[in-house]
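Novice: Here's the letter readout for the chains.
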Amino acid sequence: MMKRETTGGNRRAAVAIWVAAVAIAFFFAGMVFCGTVEIPADAVARVLFGDVDDAVVLTIVRDVRIPMALTALVAGMALSVSGLLLQTTFNNPLAGPSILGISTGASLGVAVVMLGFGGWLGAGLGCYAGILAGAFAGAAVVMFLLLLFSMAVRGNSMLLIIGILIGYLASSAISLLNFFSTQQGVHSYVIWGMGNFGGLTWERLGVMGVSVAVCLAGASLFVKPLNALLLGRRYAGSMGVDVRRTRNWLLVISGALAAVVTAFCGPVGFLGLVMPHVARMSTGTSNHVWLFPATVLFGGAGALLCAWLSVVCGGGQIIPVNAITPIISVPVIIYVIVNRKKL
Amino acid sequence: MLTLENLTVGYGKKVLLRDVSASLGAGELVTLVGANGAGKSTLLKVLSGDLRPLAGGVSVCGEPLAGVPRIKKSRLISVVNTDRVEADALTVHEVVGMGRYPYTGFFGRLGDDDEAVVYDAMKATGVEAFAGRNMATLSDGERQKVMIARALAQSTPVILLDEPTAFLDVASRVEVLSLLASLAHERGKAVLLSSHDLPAALDLSDRLWLLPGDGAMHCDSPADLIAAHNMVMSAGGTCNSPLDSLFTGRAVRFDVQRLDFVAALCK
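Chains as they are written, first to last, in my numbering: chain A, 187 to 529; chain B, 4 to 270.
Quick caveat, the hints were computed from the structure, so don't treat them as lab data. Ideal Cβ placement from N, Cα and C applies to all residues, glycine included. Treat the hints with care, since some could be wrong.
[What the hints assert, rightly or not] Derived lysine-lysine pairs resembling DSS-like cross-links, with alpha carbons at most 30 Å apart:
hint: 1; chain 1: B; residue 1: LYS75; chain 2: A; residue 2: LYS410
hint: 2; chain 1: A; residue 1: LYS410; chain 2: B; residue 2: LYS16
hint: 3; chain 1: B; residue 1: LYS17; chain 2: A; residue 2: LYS410
[Unchecked claim] Some chain B residues judged to face chain A by a derived CB distance under 10 Å, without partners named:
hint: 4; residue: THR107
hint: 5; residue: ALA174
hint: 6; residue: ARG176
hint: 7; residue: GLU178
Looking at chain A on its own, in the form it has when it is part of the complex (with noise of 0.2 Å):
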């Protein structure tokens, strides 16, 4: 009986991971073949089997919807991998790196590199590697933030609001620095900070891609602690778990998927910190054998559907995507707040 149940629950899991696998390939297909140029679907297929008949749709499929649909695909899986790490580590369903500041402070490590030394690197964003040590940094002194104050607060909640006012006070160093610098660099770090998931060529997205995997395969080496911690710190640590060692490294990756992420894409709100319930309430388990696999699809398929929203919707331009994000994700986080039982 009690073996029977147990793959029940794997079934499900199972079944919930080949849906998020499959919304990825629809919406996937989806941003191939709508864009804001308009070009026939039989145009698209001939392009993408080869037959290039014509070089106009060839740079478009190619150089443009090819790559923000990865892009989104990356930043999604990154950002909500981020997003259960932190929700594990902390014990605490509404953590995520934007509501935690993680990513405001990744954003305000890059308007230090962007406005701060703008002119000196070279304006706007030709300086990659600057802005992707601006974002570490960033995060990294938020996460640092976070970690002290997790040790002397006491429950979830005040955690939660301490990463916000976190958020706000970088927001506003983020405003200073708008304020005191040069109009062109404030106009490429506004254009950069509505979060976007388009205009990263092909070697950028290899950058971001190989970071990103980097760090969901160092996280998928922590599927065995990361279900001790569900039991909270102190019965990890009586099962052996290395709980402060386990704890930093969780931290570690987490930053540096939402830092990837923030550099390459602006700031994206909320995907980090929805898409993790979506996968729980899917899979119906937070059994990170289950839930790990299924976090990285569903982040990856959210992402896809709010860039395509983003494309689809614009009229020929494209929405920022943070204009998309919530839309979709408030809902969610309402239903978790209210049925918390249910999870």
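Fit chain B to the known structure of chain A by using the hints.
Specialist: For chain B alone, coordinates are given in the frame of chain A:
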């Protein structure tokens, strides 16, 4: 199994227990009793290795606890604490299976031997009937039994429990305590729990560790404690018996008929 040698316990300058020695043997159920703040939880933290003692030492199975590596320690001592477990979307089977953590491989897969231990632990604690249910659907009493099953699945000779019967209704309280007694007496576990339930502790424990809150610890069997109390009372009750000393200066006294504390003024 577990030996306390001249142990001094507290936080910083605040000493809760001073120079205490005692031991907990295999097959023995010991209940730690004392007023709030007397140091029960702190002592349990020290015994589980979460907190360093201020002085003295603890040894487990003949080895000093401070020197035992983490994984080995988790194969010697299992813990049930007062933390609320939020793992609502894990099944009972998964939570009990987590007890195998110190024995499983890198990804925590349970082998056939592990499954056998897990099933045995669920059967012994009576949770196998709802093995497939999520933690969210359980009552407080059922949750507590699941956490005890998890500790049992950890296959440790020593089990420490911090107020395992707090927040439970009378039926669950009795069930949990008799479960712990059977783990000690039938499976030879060394079980130490803290509790405010004095009648149950006197009824089921092999020995009590009393913490009067003055830094001392009084260890005795229930029968001896009651005998000592009767002796003090028949001598006119001029000094405190060990049981009465638990609440010195408070408006309660121990009543032998009820085996519990009653208001000091009424008979």
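Novice: For each hint, tell me whether it holds in the structure or not.
Specialist: Outcome of the hint check:
1. Between B/LYS75 and A/LYS410 the alpha-carbon distance is near 18 Å, which keeps this suggested pair within the 30 Å criterion.
2. Distance check on the hinted pair: A/LYS410 and B/LYS16 sit about 39 Å apart at the alpha-carbon level, beyond 30 Å; violated.
3. As the CA atoms of B/LYS17 and A/LYS410 are separated by approximately 38 Å, the hinted pair breaks the 30 Å bound.
4. Contact between B/THR107 and chain A, as hinted, is supported at the beta carbon level, the nearest pair being about 7 Å apart and thus within 10 Å.
5. Of the supplied interface hints, the one on B/ALA174 is violated, with its beta-carbon coming no nearer than about 23 Å to a beta-carbon of chain A, more than 10 Å.
6. Given the 10 Å rule on beta carbons, the hint for B/ARG176 is violated: about 22 Å separates it from the nearest Cβ of chain A.
7. Taken as an interface hint, B/GLU178 does not check out: its beta carbon lies about 21 Å from the nearest beta carbon of chain A, beyond 10 Å.
Figure legend: structure checked against the earlier numbered hints; hints not met, in rising order: 2, 3, 5, 6 and 7.
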